[in-house]
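Chains as they are written, first to last, in my numbering: chain F, 1 to 251; chain D, 1001 to 1410.
Accuracy of the hints is not assured; some may be wrong.
[As the list claims (entries may be wrong)] Cross-link-like lysine-lysine pairs, in silico, DSS-like; alpha carbons within 27 angstroms at most: (1) D:K1356 with F:K95; (2) F:K64 with F:K53; (3) F:K95 with D:K1400.
[As the list claims (entries may be wrong)] Part of the chain D face toward chain F, derived, beta carbon under 8 angstroms: (4) Y1334; (5) T1344; (6) A1358; (7) E1360; (8) E1361; (9) G1369; (10) G1382.
Everything labelled a hint here was simulated from the structure, so no lab data went into it.
Using N, Cα and C, we set each Cβ at its ideal position, and we do this for glycine too.
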Amino acid sequence: MLLEITDLAVEVEGKEVLEDIDLYIDKGETHVLLGPNGSGKSTLFMTILGFPKYKVKKGEIIFKGKDITELPTTERVRMGIGVSFQNPPPIRGVKLIDLLKIENGQTVEEELNPEIMETAKKLKFDERFLERDVNMGFSGGEVKRSEILQLLAQKPDFIMFDEPDSGVDIENVELLAEEINTLLEKDKKPGQRQRAGLLITHLGYILNFVRADIAHVLLDGKIACTGNPKEILDDIRTEGFNGCVRCCQTQ
Amino acid sequence: MLPDTIKKAEKAKEKKSPYGYDIDLEKFIKEEAGEHERINKATEVPKKMRNTLLKVGVDPTEKERAGTFIQVDQTGIYSSQASKTVEIMGLNLALEKYNWLKDYMWKVVAPDTDKYTAHTALRESEGNIGGYFIRSKPNSREIFPLQACMFIGDERVMQTLHNIIIAEENSELHIITGCATGEDVSSALHLGITEFYIKKGAKVTYTMIHNWAEQVEVRPRTGILVGDNATFINNYILTSPVKSIQSYPTAYCTGENSRVVFQSILGGRKESILDMGSRVILDGKGSSAEIVSRAVSKDKSEIYSRGHLAGRVPEVKGHLECHGLVLSDDSMIYAVPELVGSATDLEMSHEAAVGKIAEEEILYLTSRGLTEEEAASMIVRGFLSMDIKGLPPELAEETKRMLDMSLKGM
Chain F
1 MLLEITDLAV
11 EVEGKEVLED
21 IDLYIDKGET
31 HVLLGPNGSG
41 KSTLFMTILG
51 FPKYKVKKGE
61 IIFKGKDITE
71 LPTTERVRMG
81 IGVSFQNPPP
91 IRGVKLIDLL
101 KIENGQTVEE
111 ELNPEIMETA
121 KKLKFDERFL
131 ERDVNMGFSG
141 GEVKRSEILQ
151 LLAQKPDFIM
161 FDEPDSGVDI
171 ENVELLAEEI
181 NTLLEKDKKP
191 GQRQRAGLLI
201 THLGYILNFV
211 RADIAHVLLD
221 GKIACTGNPK
231 EILDDIRTEG
241 FNGCVRCCQT
251 Q
Chain D
1001 MLPDTIKKAE
1011 KAKEKKSPYG
1021 YDIDLEKFIK
1031 EEAGEHERIN
1041 KATEVPKKMR
1051 NTLLKVGVDP
1061 TEKERAGTFI
1071 QVDQTGIYSS
1081 QASKTVEIMG
1091 LNLALEKYNW
1101 LKDYMWKVVA
1111 PDTDKYTAHT
1121 ALRESEGNIG
1131 GYFIRSKPNS
1141 REIFPLQACM
1151 FIGDERVMQT
1161 LHNIIIAEEN
1171 SELHIITGCA
1181 TGEDVSSALH
1191 LGITEFYIKK
1201 GAKVTYTMIH
1211 NWAEQVEVRP
1221 RTGILVGDNA
1231 TFINNYILTS
1241 PVKSIQSYPT
1251 AYCTGENSRV
1261 VFQSILGGRK
1271 ESILDMGSRV
1281 ILDGKGSSAE
1291 IVSRAVSKDK
1301 SEIYSRGHLA
1311 GRVPEVKGHL
1321 ECHGLVLSDD
1331 SMIYAVPELV
1341 GSATDLEMSH
1351 EAAVGKIAEE
1361 EILYLTSRGL
1371 TEEEAASMIV
1381 RGFLSMDIKG
1391 LPPELAEETK
1401 RMLDMSLKGM
């Protein structure tokens, strides 16, 4: 098992946000986390990443067989966890190209790995764009593509995507999805894949292009339902989250 | 020297500066000029000094340089000139060569400004003249920069100097100037007067890097006279520890449509006291000014980041921007942006912000595998590495390299 979360309870600023979370993700799998706003999706994401504001009160997070519950973010990332953020902060003077080099294991003095440059071009970024300060004045679509590009440079084994399709037009969703599929080795047979992913999505639009294996519905800080992504999504689309809630409650 | 200058200086010998703490000049040794041997090539500077020169942007190989001037303590040990359109030499030699030059002495910096200008003027009147003279010919354009280095090699030295820079009509001139101390010098005093005369249609860029020792006191005094359609761009970089620096260069935009830009990058470390200001008097119709500074305070440093824009005639424009990051509880940044408008129809504004590094930015970088320390230093370097505007492309690239090098220590 790549990631094992057992009996997890999380507090944010003294308020309990998540409880009784069990989540097991094996390599080769793509899970999707659905749920209405405020249900705790982002909290789970930040907790797995290990941001200090998210305090684990109970339970444990095991990654690659190692207990990472108390590990700082940097070490988790160096063990192979990668993320794309929904609204990453602009940082003045920190160039996208320098981040890409660091993520690719290069020093900033080196020339950017030509493979990454090729990937950047596929994501419609030219050399000049890479010289820009990260996220400074980027459009919504540019932010998402830059996040995916950084993951492609980093090559993590477990990747979390927070709303990778929000605010992106259709044409670019397909482009992003293609690269997400590359990241998740969708071109390989499931048994041969070494990586796994967790997609957080509000609307699930990206799932038209990225095949997910298992969906979880998060409601009021608990995983209320786990199942076939298509069935759950169809349910949510026709009946909304309220319908989904009713269904979960009867289960 | 004019008797009037001496008279004024005599009177101001004890006059304290309104900014920066008062320095007891008696504590320093007034070395005579000529105590260091002249060299024939810049590469002949001692090896230890060579590395220091490179740190402040002065390249002893003189590659892609229009000329070089090196002063050690009180002696101009070297000057050379590769360009046909610009002159560079010790001010003492220039005063012998050009009779008219005395008319440019002490015109934009008054000898009785304070005790530091007064002492420099009085030392000059005794024949101890440090500093350089630079002049670009009318209608000329030199893309390679001139380089000048003021070096303090001996302990407790009082270095005084007087630089005169004249850009004749419609000329373009770029200067890189570095000030530094020898590795074995711990305390010294540097007093530097610099007067710029930028005539009609001329453009001067002046990029200065300071790299002093921890017990060095620095009190430069600078005035800039900017003529019709002329441009002056001043870049200042300091990221190494020093005891104290207090400087408040003043540009007088008397010319119509004259333009001035001050860009400063200040890194406060250890117990440094940096009191750095930039002042522009907008006196010419259509003149404009931009003052931008980035300051980061660490350890126990104090940074005073001052800016002053005075609009005195209609149709002038000015903007002042001062951003600071305070990185330790024992350090501080005091941002003092001042605007004075005394005519109608002018446009002046300022923005100042002092704060800490946004946690969100640190977290973002840790989620890319950087440690918190690496993230903080990357953000700080990014914050300080502003795009220096107004330089020709080659010089901009080189300046960027120099800046990156300076920021490594932050």
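Going down the list of hints, with the structure as the test:
no. : hint               : in the structure
1   : D:K1356 with F:K95 : holds, 20 angstroms
2   : F:K64 with F:K53   : holds, 24 angstroms
3   : F:K95 with D:K1400 : holds, 14 angstroms
4   : Y1334              : violated, 22 angstroms
5   : T1344              : violated, 35 angstroms
6   : A1358              : holds, 7 angstroms
7   : E1360              : holds, 5 angstroms
8   : E1361              : holds, 5 angstroms
9   : G1369              : holds, 4 angstroms
10  : G1382              : holds, 2 angstroms
The structure fails to meet hints 4, 5 from the earlier list, while all remaining hints are met.
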